[in-house]
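> One-letter residues, chain by chain:
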Amino acid sequence: EPDLDLDADHHFDGGVDEKTFKQASWIRPPLVMPNPATDSVVFQQIDADYYVGDPIAGMPGYHGGQVPIVRLFGVNREGNSVMAHVHGFTPYFFSPVPEGFDPGNCERLRKAMNAKLETSSSKQNKLKEYVVDICIENKQSIQGYKGNSKSPFFRISSAQPRLVPTLRGLLEGGIDYPGVGFRAFTTYESNIAYVLRFMIDTNIVGANWVECPPGQYTIRNPDAKLCHTQLEVDISFEKIISHRPENEWSDVAPLRILSFDIECCAKKGHFPDADQDPVIQIANMVTIQGQDAPIIKNIFTLKSCANIPGAQVLSFEKEDSLLEAWRHFIVKADPDIITGYNIVNFDLPYLMNRASALKVKRFPFLGRVKSTRSIMKNTTFSSKAYGTRESKAINIDGRVQFDMIQVIQREHKLSSYSLNAVSSHFLGEQKEDVHHSIIADLYNGDAHTRKRLATYCLKDAYLPQRLMDKLMALINSIEMARVTGVPMSYLLTRGQQIKVVSQLYRQCLNEEIIIPTVRAKGSDEKYEGATVIEPKRGYYETPIATLDFASLYPSIMMAHNLCYTTLLSPSDRDKMNPDDYVKTPCGDTFVKSNVRKGILPRILEDLIAARQKAKAEIKKATDPVKKAVLDGRQLALKISANSVYGFTGATVGQLPCLEISASVTSFGRLMIEQTAKIVKDHYTISNGYKFDADVIYGDTDSVMVKFGPESTAECMALGKEAAAKVSEHFIRPIKLEFEKVYFPYLLINKKRYAGLLWTNPDKYDKLDAKGIETVRRDNCPLVRKVVSTSLQKILIERNVAGAVSYVKNIISDLLKNKLDLSELVITKALSKSGDDYAAKQAHVELAERMRKRDAGSAPAIGDRVPYVIIKAAKDAKAYEKSEDPIWVLENSIPLDTEYYLKQQLSNPLIRIFEPIMGEQQANELLVGDHTRSISISTPTIGGIMRFTKKTLTCMGCKVPLTGNDKTLCAHCKSRECEIYQSTQSNANRLEEMYNALWTQCQRCQDSLHQEVLCTNRDCPIFYMRKKVQKDLNDAQSQLDRFDLSW
Amino acid sequence: MDLTANESSNAREYLVNAGDSNIVPVEVERNSSDYTSHDDVFLLQSRKHDSQYCSMYFNRLRLMQFSLRDAAENKWNSGEEITPIVDKVIDLVEGKPSILLGTVFKEMSSRPSVIQQYANDRTVKTLTKSRNYTHDKDSLILEDNSGRIRLVGSQLPVHKFVTGLIAGFKGVVQSDGKFDVHDYCFVGYPHQMKQPTITERKYVAFVSGLDIGSQSKNHVAMELLLEYITGNIGGTEDMPYMTSIQRLVIAGNALMTQQLTEGVGKQVAGIREKETQQSLADVRELDVYLAQLSSSIAVDIMPGERDSANFSLPQQPLHKCLLPQSSKFSSFSSTTNPHMFSVEGVDFLGTSGQTIDNLMMFGRFESPLEAAELTLEWAHIAPTCPDSMSSYPYSSTDPFILKKCPHVYFIGNQDSFCHKRVKGPDGQLVQIVCIPSFSQTGIMVLVDLQTLDCETVSFGSI
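Just so you know, the protein sequences line up as chains G and C, in that order. Once you know that position 622 of the first sequence is 622 in this note's numbering, the rest is easy, because the numbers rise by one and skip nothing. Numbers in this note's numbering are just positions in the second sequence, counted from 1, shifted up by 1046.
Bound conformation, chain C alone (with noise of 0.2 Å):
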């Protein structure tokens, strides 16, 4: 498996040029594509919060664990020596070795207390991301519809868990009562579509993160990125990139929400009147720039952890009353995150980020790549939901199981661009990509459909 740094010799760079007056409208005539939403599994029907979240742990579980026993007979028992699969915890037999599946759970000592904390100020603070949570003597527990059981053993990578995932161990219960883990194991990749064949040079393009209403925005660089999709800048060798480009994905964080300020007085009353006029002014300023490339191609937007949508994975599309301009163009998309699709065969599944950064806080992963492929073995990609990732109480579904492999599994938001073409055991071939911040990099990726080899275009001054 290969991972491609950032420096890839096809990326192209548009770096602002002052006085440039070399650019020539041209009119693009663009391929249309066959394009299909999976997104229906991300959309909520009712948004009641009636349920509690053991539902989701419980269908979790239910809805894993004959892959996961599958998984478990493949990789222990498939020789000559067999050892049962106990099927819950509470039957288990001291000093007999077994293999028992369930829900792990991370018992972390520096995870702040949400009690203490609301006891304080009575307030629950966001977690603060790009801190890790995680400490030495973490330990795992693993636990089904009858019970729990601590596990222990050396070889045991506590930090490569995360609290709700499904998976396997193989061990034996100790006199304490602790289960000694020797091995373990996840579901492993699903079933993956035959990659089709395509003859023509096409491309899906990715950005994310233009943080409009940020200080940090870029807007020269977004107007380059306007420039060219819509083929107005660009010489003519990049012309049958722009005219190959199928769809731009806009992997989250459009938008850049300010917090509103909290106060009495009626000086904060009118900081909340100009924060409120600068917002209506960001999301004016967001659906302008989408119609504008909504009448050059196909657009989808995917909400993020800082849109004006909710809170909760999964998060439902923008509404179009935010988007009055660009939600008139039957090319434009108002998606969900996770945001699922195919186009011309190829599936696709991101999300905007949160999912990784989530993983990055409660385990030690050596990049995000590392926990981007690890989601695809375990099948599932966002195991902590609920625990510490927000989300909708599902009563008797889990959406974020993942049922099918796509061929292209992207990460918005991400701190540098980087891929990593992986490999599963049924030869399913993944590439993973994370979509670099548009406003701190000024970089849109694209992927060529015929091969899923990723390119970068930067329009960054940075």
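Next comes chain G alone, as it looks inside the complex (with noise of 0.2 Å):
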């Protein structure tokens, strides 16, 4: 163990001392150290985690050997860091009592159990004892309805939690029962952890307020301190209070969030390697949070760095010096939530393999426990609903990883997750991005150039700072952890169902429910999905009314009581009242709530009244952050309440029920069809209205009526009408919504359709397009262009023939050569080298061509490669004719016009035009005379150009100028005046767009004295920057060849 005192001084290279680290700013305002006879120690926990240790005299549980011992991490009003030991919770699971047990055998059984664990143990794991206790309670599996009698059930208390698996393997597997005889049972609540069953029990649910009452705890003496927390208390489960975050306890701390951002020099070409690539500088933002800035910035370089006011710089002749003093930082810092983008899978364990090159070893001592070094693991995260990934996990007790790519990652659907393209997405900025290959470039200049790269990287640590401020993802998680009950660092390293487990636990514990260890059988079952009523395809003129099933799943399952609690067997149903149950339309039983109530119904109500109380509370408040916080938690119940319905489906899950999912569907869609049939009958000219409605199209929660009347306000009165006639129909709390119009409609498939919503009768809200902009990442940014002009022609302007125009001026303007080659630019990311693709790829061919050409700037592995597709030969591979757009632009390569029209745009307006315009009259879009000139540019290198030889022609007829004229044959000298005035005409529209362009970009980069380096590939203008001085300069030569003498 190295030497962790850390009030030892520490001398570090460059002129950083201690005093620059005893800042004031840095450190946490002084703890007020309580009196634990008269004050109570009142923090919001933000992590929890358990140890193994001795316990401690006169608090509950076990006392015979090492037990474990919670700790909870958090922050307290002032702003001080508290961490909790909560002692004597002894980890516990349940077994069915066999037949015939004699309850006096408990301790023979317990005795037998402990015999055989001792024997299987492995020396070093030796214990006095391994089962603690086993008594018998009363309790009620979850599964099926069986009345309301219990059943008799052992609770065995292990003496610490990772004893838990091997006693389940113990039961299952079978034991010789004292009097009974050789029974395996399968174990209850057995796989919980160990921590999440401590919260459960003690009604602590994720980052609220607890608190430690006065004459209930102890405080440790600084000698006895195991953590870096100003204050560190012991204090017993039992005593320690659960606030609900509900009033005074619904706020937040004030949390110190540390935001960073890494740069490491890698050799030209390769991407970063830890084992050999020096880390030059780290930039940090310290925020509390609440604050609009930040209260620390700082940044650490390697080598020296120009001053850069506003932000202290440390610099630091060494890397294992520099590396040292950053982690000395973190713990002076002491933040509670660590952010950046995406640190978890690249900065963090960067740093802790770097740090392991140079044997810096004090370096993985990052979280608050003093003793814990963090280590770092691979993990494989896989989710039904996040897909699988592969991450990296590095411990850092006590303070809790936020990393922002994850959180964006997991709540939004984008075509990239690079921070460029979330920074401009979400802050609508677009950012500065220096290349790597001139990373280096920068870092082995001098101290101004450092500095640069300095002012780029603090830029960059702040970006996911204002993310996470912008989105309130932190704000959103904290309500999020509170309303499911699950440490928040559970919401992004676990699944949606450990949500569920967590509320489905909760409420069990109310009711003496228990829950049985399933093992996850990952059978192929299926059941029948939502229902689609088939569309009418078309484009509709009159407005058409939307009625919405709101919540429909959660209000199927509170409706008729489905839940595991509520099953009835085939078998005991026939023992029934045929009143007592309902009959599911896919012919399962459950039991109405009359009888029994459900527990998934019960979770459900509890959070849709919270969800009612929360937005009825954001109505009243008026503090902005307060509304933050309401919405947060409104949005995170509304998920809670969807994802019941998908854990209930989930046949790799922790307690998949078939039944339950497969009734909720049936459920949904009998109820689709009996909308659509009421309102087809009942809206009809026989009975007095104008029109026959007709139902158009109808998905999972919502039918799609055409009501007739041309009039947006005619059709929303009677889709409040049909909506509440509809609703009647159905048992509470179901009920049909009327919320909004289409207004023109475009449906052109399942689920593909847009259309004007309208909410009021006065003014449409917005356009609202489904499935139609595919924001696949292969489509090039002119599709999306495309199709959202050509929608907003249609429906905003109702100016079909102006669209048509729009998109045959597209066209021909692609022909001709004319578009902007960023909107071509198709991006895909490298993530393999070129052999371990098994068939070839266009990217991938690309990157393996540009690393021929120059190893520097080529993309490595991890980059994402723009390419754009060129002419070649006719029989040419796809992949082969891919190209770096930047080279195309260069050297004036032809672009395969063709491929842009067939392979990207084709399909998508055909999808838009033939439902208007019949299949006809769309093709003709693709074919017309628009289509018919082309300009191909000339090459300037390759091929057949080593043949050619340079003659000028005339510019105004093309043909080749012989003798001493320049610029016009004898024949068109007369035209001279105006097709200078072309010529000239053209080169002022490129000068105009050369300075507005490069102008921008040096306001971008926060400089007007130094050179524009950026490289930012999302940048709309990064293209046509490169594109329109290469365009000039051809202009201006021309220009040049009129006789510029007087």
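Because the hints were derived from the structure by calculation, they are not lab data. Heads up, the beta-carbon is just placed ideally off N, CA and C, and yes, glycines get one too. There could be a bad hint or two in this list.
Just a few of them, taken from the derived set where beta-carbon distance is under 7 Å, the chain G residues facing chain C [as the list claims (entries may be wrong)]:
1) Asn307
2) Gln430
3) Gln984
Reconstruct the complex from the two isolated chains, following the hints.
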């Protein structure tokens, strides 16, 4: 164990001394030491874990040997960091008591189990006792309705949490029960994490406020402290008070958030390798939750760096000193939350690996527990909702790792998750991007070039914090943790299921119901999903009303009391009064709530009631922060309610019950069909309405109705009336709601439609498009732009002819090579090297070709490769036709406009225009007159150009010039003025653009005096900036051909 | 300093008088004069856009910082108390009073983002003249080759500054890293040649904005102008004027070049053809007009923003292929914009107006005269080049730095005629003249070389 005494003086090189680290602004506000007899210690806990230690006298629980002790980390209202050792909570689980077992034999059973474990335990795992207690309690299994009777279960308590799985295996494999014989049983509640179990039993939910009341806790003196927190206390799990996150307990403590970014210096053309490539800068921003500006801004640099106003620069000559100092900074600044962009998978692992390569022994102690080393593990996270991701996990005890890339990947579907793309999407800003080949040059320059890099690094360190604030990501996560009861760290590292599990356990605890531990079978069993009423495709110029079931699946579960605890087996059903149960459309039976109220409906009711309450409070709240918290909460509640259904249908899940999920969808299908029928039967001319209503489409929880009237107001009135009318046919709380009207409405196919959305009759709210603008990355931006502009013209301007001529113009410009290259760029990430790909892919091939041209600037693994499709020999493979856009610009390589027309634009356009103008006319879009004029640029390199000789041609008629003429042939001489004017006017437009674009980049990079280096290929003007420079120089040399002398 | 209003007592008006038959051709003997063009600094040797704009800022600061240092020393350090001049932004020490020299950058929240615009419709929109892009929340930043610092201070008139200015600031760095400005200074008026003593009455005449090709161009006024210059109209009392006019300077926008129509299809092609023909006809009309003028007077034509010249400053002379007739006259010169010349030892400098228009869009100045006056104090006639005013990316110089103080500083294409005589600290006297658009007002401005007084001759029917 290295020396971990942080109070000892450290000597850092490069002029950074201990004084710098003692700066008042870095450290937390001083702690006012509470008096344990009269003061309580109240703090918001943000992280919980446990360790194994010796029991303390006076604490409950087992005292015969080492026991688990929970650690709660958090912050009090004054901003002091607090850690509580919570003692005495013993891990336990349940197992059925075999028939004929004499309760007096519990102790014999315990001894027998201990003996078994003693023999099977390895030497270092041996304990004095393993099972510390067995008693019998009457409980009910969650599975199936078995009347209200309870049956006896062993409650088996173990000395340590790690023994629970062993004991589970033992019981499942079968043991000899004294007086009964050999039996094997499933266990109950044996697969829940100890800390979560603790939180459930003590009613602590994620990130809530807890209180150690006066007289019930002791404060550790500095010698006995295990952590870097300012206050460390000991308390019994029975004495700690958990406050429900309501009223005065709904706020958030002044948490310290560190947002950081590192720069490393890789060899040209390679992704940085921690074994060789140094970490050259680390920029840090520390912000107090709820404050606008960071309280700490600093940057650690390797080698000198010029001053940066407003930020502290800490320079080091040696990299190991830099790493050690940074680690020291983390401990002093003591952040509760660590954020950044891709820190979990890049920055932190890189720092860890680098520190290990440089043998910085003290480095991996980043957590709050003095003696715990941070260790890196590879994990694979797999979830139905989030997909499979490989990631790294590094424990930093007591601090929450809140990586913004993970937050955004979980909550937002984007075409790219690069920091460029994300900040442009959410903050509406382009970000200066310095290419990694330039990073090395800047680093190897002088103090000023390194400063350039440092200001860039500082900006990147601040962006994640700004994203967090803008998206209210931290607040929303805190609320989600509070609603579902899981620790905050689970939200980014675990799936959806654990949140339902936590709620299920909490609800069951109140009702003395226990949950079996089932092995995930991963069966392929499928059930029928939601229904879709076949869309009547077309373009509707009358208002279409949308009738939605509000929270359809949760409502069905509540209305029909669908739950594990109410599921009635066919054999039991015959004994019941038919009025007491409901048979679902798919044939399963569930008892009604008057017989027994289900647990899932109860959870859902609580969630929905809480959501209503939160929504009501939002209306009352005046403080914007409070409003934000409440909004985060109502959103968390909504998501949680919807995930309960998914939990019952997850066949690889903790407790799948397809009878429930299949019943839910079958009810859903039935209701959609019933709704359609009621509407069609009632709203008819024969019933006195002006039109016969028609249902044109229905999906999952909504039905689209064409009532007939031309006016949105009339349609809305009918919609409201119909929603109320249909709702009468269903059991509460199922409710059909009328929310919006689409007018006009373009129905392309299932889940593909667009329309103007109206919620009040005076003005439309927005253009709503579903499934049309493909955000797939193998589409170029041109497609998105053409599709969305066409839709705007059709739906908003109601100008189909305008849309057609717009599309024709674009196609004409495309074929004439007049479009901006950036609109044609396709981007894909290079995840593996060429050899690892089975099939040849355009972007991989291109990366390989680029490496041969210039290894320095070629994309490395992990980079995104932008490319365009160029003209090539007729039988060239698609992957051979990819090319670097910059290369294309510089060498005037002709693009394969045919590809863009046929492979990219064609299908999306036909889809939109076909329903409006019919197949034949829609096809006309792609082949008409406007496609006749084509222009192809003349490449300056390769192929045939090697055999050509340059000759000047007449600028008027393109005939080769002879003699002394440099501009025009004798025939065109008379048109000199005209040709000059048009050449000049072309150059003028380019001059204007050149100026506008390059000065914009200067403003964006925050410097007038320094060169624009940015290579942010996601920026809309990146390619144009380059292209305009080339075009302008071409245009100027054309102009120069006119004799300028006077 | 006096600001003389439009209504000059010397102004003569020639209104259209239908059926006037009193015009008798008179032979005019015009005094020849000593004329030198100093436009070389604005003539581009190469038009390659290979350099980035940062070089221009670098050179601007490099070339101006010595004079600025002198100005700062004079202003603040001539007494007992000495405030040190800090060489680099990054050398500032918190809490210590310092003087800082550098390039001003104005952060402007209501300035449209080119990136946003371009992302939306793939075009770069020309900034709208007559719109003001300032906002109350705009703030200033000072930059030099080492870094940037934010300028604050209750006495700091943010909107009297624009991006690109070279200025000095006295103040203190606060704990938040911002520079609290107590006072500021500029390079100040550069050296001026002694005003020559001229014995005879001599004038230089200015017009701008003939706008041939526009709806509003004033045919009759243009004819009258021609007749006047050639001595065909005017009473005998006008003769001294006419013969004393040494030179006519057309300060931009002789033409009103049309934007060519964009689009596809035959119809558009037809329109385009028509536009081209119209624009050729306009150029021919100008050529003939200039040839007529040149036959009796020396004419300088400067390009302006609507002329068929390059867009960026400095604008290069209109090409001779556009003006085949007039270019045959030795009395005719096609000049740059800005245009710098001297007549009889009187130094003239002026622009076709874009520089001042741009300042009016990106700062808050009471009038173009105020803006123009400030450019003298700044010793830079186009600080917003290249940030908001398009400019050629110079790699080793900045031609817009004012190295010599002119006697007459003229601004073309303004809304109305006005002038102001300003005085520099070392006795430099400059007559600033705003030349109104001829097509709007029909006014020609005469500058008296003896006194530098301004008069107008109005041909307008408007």
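> Decide, hint by hint, whether the structure agrees.
Structure-based check of all given hints:
At a threshold of 7 Å, the smallest CB-CB gap from Asn307(G) to chain C is about 4 Å, leaving the interface hint in force. The interface hint given for Gln430(G) holds, since its Cβ lies 5 Å from the closest Cβ of chain C, which is under the 7 Å cut-off. Because the beta carbon of Gln984(G) sits about 6 Å from the nearest beta carbon in chain C, less than 7 Å, this interface hint is met.
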